[in-house]
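**Q** Sequence:
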Amino acid sequence: MTHSDIADDDTTAPDGDAAPSLPELRLSLPAVEHNIELMAAWCRDRGVELCPHIKTTMTRPIVERQLRAGAWGVTVATVRQASVALGWGMRRILIANEVIHRPDLEAMRSWLDAHRSLELYLLVDSLAGLSLAATVMRGAANPLRVLIDVGAPDGRSGVREVSAALALARACEDKPGIVLAGVAGYEGVRPNRRDADILAQVDAHCRTVVEAFHAVSPRIRIERPVFSMGGSAFPDRVIDAIADLPDLSGRTGNPPVPVLRSGCYVTHDHGTYAEVSPVPGLRAALTVRAVVLSAPEPGLIVVGAGKRELPYDAGLPVVVSARDAQGTPRRAAKATSARIYDHHLVLTEAEGLDVGDVVDLGISHPCSAFDRWPDITVIDDDGRARTVWHPQFR
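Number 394 marks the last residue of the sequence shown (UniProt numbering); no jumps.
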């Protein structure tokens, strides 16, 4: 069992009599459900499993929908996020990170002891890290499944050479409580662009991860070896690389499991992923609604939302729509985000906007949106509030 059958309960009913407090994060439920079904079908058609990276949202009703659509499991970035997923009933969890801190490892050991059906996967990229995990996991009846992390030059964690991956695979053989489950890579460390040079770097990294899988596969000790890569920008390049995976069915009775860890697809965006995603038909599901506070100069507008409410690490928001204080659409409104402060966004080249107007801002990079908000207003196709969801990052 990879997830619970618990109904969505991290919700509250919107107060239909009260005007919403602005700024407000708004999530289109029809767009989210469309994206979930679309990505699930995209993966099925290409013969890969989807283990969505839920650090994007950490919102249970969204994760439940991803699992009901057929997700293989869930991916998280931290032990704290894994604890939340476990509390939600998830029983196949991939921590796409190294875990070195002993209290974190001890928490993982306690989960494995308490839940014999739990499949817990962890990335390792050093003999020191592997030894630390093995010290805590020694004698565990339900072993920790490790994936050798293969990194890219100038990237993040991960071994840089196939020979280092092979050395780690050999070291796994004498570590009770540890079982080698496969390899993992991350192709999204390059800028989210589809320039020829970026794609060449992505493809080179994918090939290196495949080579590492070839090298370590004789030492993998689970029934279905895992080949995992992640990111929402280049999953198509991973699909191309998967064609070169070795056929292990003669040794294990089963072929390897190719697993994508994409996460941002679930809400998509109006920025970086709108420009780079290879999955056609995804819909931007997130907007931030805010009020125009000031118009101090011709063509300059100040909106009451800033760094505390809006992602800004992958581009500033865009104006999607606007209306006056009475709700009449401002169809001719337009403006360009220029500067962002703690609670203010400065728009330039502004036309058709005035103090008191309400603007809907499309964001770039959903991973930097949800953790800013304790409450998410869930809307229908007509923009009506239907419920309120609560991300759980703690």
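In case anyone wonders, no lab produced these hints; they're calculated from the structure.
From a predicted model like this one, the values you see are computed outputs, not experimental measurements.
A few of these clues could be false.
[What the hints assert, rightly or not] In the DSBU-like style, the derived pairs of lysine-lysine whose C-alpha atoms are separated by at most 35 Å in a straight line are:
#, residue 1, residue 2
1, Lys334, Lys307
2, Lys55, Lys334
3, Lys307, Lys55
4, Lys175, Lys55
[Said to hold, decoys possible] Computed spacing ranges between beta-carbons, pair by pair:
#, residue 1, residue 2, range
5, Arg384, Arg331, 17 to 23 Å
6, Ala196, Pro329, 39 to 45 Å
7, Arg44, Thr336, 36 to 42 Å
8, Pro30, Arg221, 40 to 46 Å
9, Glu161, Asn254, 25 to 31 Å
Think of the CB as a built atom: it goes at the ideal place given N, C-alpha and C, for glycine as much as any other residue.
**Q** Take the hints in turn and mark each one as holding or not.
**A** Hints, one by one, checked against the model:
The hinted pair formed by Lys334 and Lys307 meets the criterion: a straight-line CA distance of about 21 Å does not exceed 35 Å. Only pairs whose Cα atoms come within 35 Å are accepted, and Lys55 paired with Lys334 is accepted, the gap being roughly 33 Å. With a CA separation close to 19 Å, the supplied pair Lys307 and Lys55 stays within the 35 Å bound. Between Lys175 and Lys55 the CA atoms are separated by roughly 30 Å; this keeps the pair inside 35 Å, and the hint holds.
Hint check: Arg384 to Arg331, Cβ distance near 20 Å, so the stated range 17 to 23 Å holds. At about 42 Å, the beta-carbon gap between Ala196 and Pro329 stays in the expected band of 39 to 45 Å. As the Cβ distance of Arg44 to Thr336 is approximately 40 Å, the hint placing it in 36 to 42 Å holds. Between Pro30 and Arg221 the CB atoms are about 44 Å apart, so this pair conforms to the stated range of 40 to 46 Å.
A hinted range of 25 to 31 Å holds for the C-beta pair Glu161 and Asn254, which are about 28 Å apart.
The structure meets every hint from the earlier list without exception.
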